[in-house]
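Note that the protein sequences, when read in sequence, are chains X and U.
Following the numbering used here, the numbering of the first sequence begins with 13 at its first residue and continues without gaps.
Following the numbering used here, the numbering of the second sequence begins with 383 at its first residue and continues without gaps.
Just to be clear, a hint being listed does not mean it is correct.
[Claimed, not checked] Mimicking DMTMM-like on lysine to aspartate or glutamate, the simulated pairs with C-alpha atoms at most 20 Å apart in a straight line are:
# : chain 1 : residue 1 : chain 2 : residue 2
1 : U       : LYS420    : X       : ASP50
2 : U       : LYS387    : X       : ASP50
3 : U       : LYS419    : X       : GLU91
4 : U       : LYS420    : X       : GLU119
5 : X       : LYS23     : X       : GLU91
6 : U       : LYS387    : X       : ASP71
[As the list claims (entries may be wrong)] With beta-carbon atoms standing in for the labels, derived distance ranges:
# : chain 1 : residue 1 : chain 2 : residue 2 : range
7 : X       : LEU92     : U       : ASP413    : 33 to 39 Å
8 : X       : THR38     : U       : GLU440    : 30 to 36 Å
9 : X       : VAL26     : U       : ASP410    : 42 to 48 Å
Quick caveat, the hints were computed from the structure, so don't treat them as lab data.
Just so you know, these numbers come straight off a predicted model, no measurement behind them.
Beta carbons: idealized from backbone N, C-alpha and C, even for Gly.
Residues per chain are reported as follows:
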Amino acid sequence: EAAVTQSPRSKVAVTGGKVTLSCHQTNNHDYMYWYRQDTGHGLRLIHYSYVADSTEKGDIPDGYKASRPSQENFSLILELASLSQTAVYFCASSDAGARTGQLYFGEGSKLTVL
Amino acid sequence: GQQVKQSSPSLTVQEGGISILNCDYENDMFDYFAWYKKYPDNSPTLLISVRSNVDKREDGRLTVFLNKSGKHFSLHITASQPEDTAVYLCAAGLNQGGSAKLIFGEGTKLTVSS
Numbered sequence: 013e014a015a016v017t018q019s020p021r022s023k024v025a026v027t028g029g030k031v032t033l034s035c036h037q038t039n040n041h042d043y044m045y046w047y048r049q050d051t052g053h054g055l056r057l058i059h060y061s062y063v064a065d066s067t068e069k070g071d072i073p074d075g076y077k078a079s080r081p082s083q084e085n086f087s088l089i090l091e092l093a094s095l096s097q098t099a100v101y102f103c104a105s106s107d108a109g110a111r112t113g114q115l116y117f118g119e120g121s122k123l124t125v126l
Numbered sequence: 383g384q385q386v387k388q389s390s391p392s393l394t395v396q397e398g399g400i401s402i403l404n405c406d407y408e409n410d411m412f413d414y415f416a417w418y419k420k421y422p423d424n425s426p427t428l429l430i431s432v433r434s435n436v437d438k439r440e441d442g443r444l445t446v447f448l449n450k451s452g453k454h455f456s457l458h459i460t461a462s463q464p465e466d467t468a469v470y471l472c473a474a475g476l477n478q479g480g481s482a483k484l485i486f487g488e489g490t491k492l493t494v495s496s
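Construct the complete structure from the given sequences, taking the supplied hints into account.
Below is the structure:
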């Protein structure tokens, strides 16, 4: 069974503060992704990575940075959190079979920016 | 702009009926297509996916139809059941060089009434 774990599961942050969301996978997958979920927008891709020490911009990268220090770990960093970044964030991993559409998602991290 | 669109935010179907969920896409370079199911406060899980060289794929009560000329794909759920009530997310995948990413639609909330 695929295993993708996210931390923290829930966080309240202040506007202008720094937030780091962490993701760890034990699947030995090459690909990792960060999506955000908003009502009416489905899942939108923020950043992704297909190899350690390299990240790619997704569709909505502004205001976010990503870090992939190892194959297992992928972090999403909000240097200056804003109200508009309140959302649920999902991390996912996939092997080269990402080409089949199979992503394994973590449980989600609910971020509230006040 | 939104590359993958689900024009119906919600759909209600009677128990035992056929649920038809629709998805349109813009980029004719997408080469695989998927449907995910998401319960509230849970992570999305893959239901079914197809490659671009396939027009139709069946799996139990689920059938995916792909119309490449119309840039449209759909999910049919026969004998709909109350436990099918969930948000359904369509997704289209793109392979570019060494990377593979999945773009999601906004989601359609399906309610199966008994």
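Outcome of the hint check:
1. U:LYS420 to X:ASP50: Satisfied, since the Cα-Cα distance of roughly 13 Å is no more than 20 Å.
2. U:LYS387 to X:ASP50: Distance ~15 Å between U:LYS387 and X:ASP50 Cα, so the pair holds.
3. U:LYS419 to X:GLU91: Roughly 32 Å between the alpha carbons, so the hint for U:LYS419 and X:GLU91 is violated.
4. U:LYS420 to X:GLU119: Distance of about 11 Å is within 20 Å: holds.
5. X:LYS23 to X:GLU91: Within the cut-off at roughly 15 Å; holds.
6. U:LYS387 to X:ASP71: With a Cα-Cα distance of about 14 Å, the restraint between U:LYS387 and X:ASP71 holds, given a limit of 20 Å.
7. X:LEU92 to U:ASP413: 33 to 39 Å: At 37 Å between Cβs, range holds.
8. X:THR38 to U:GLU440: 30 to 36 Å: The hint (30 to 36 Å, Cβ to Cβ) holds, given that X:THR38 and U:GLU440 are roughly 33 Å apart.
9. X:VAL26 to U:ASP410: 42 to 48 Å: Holds - the Cβ-Cβ distance for X:VAL26 and U:ASP410, about 44 Å, lies within 42 to 48 Å.
The structure fails hint 3 only (numbered hints given earlier).
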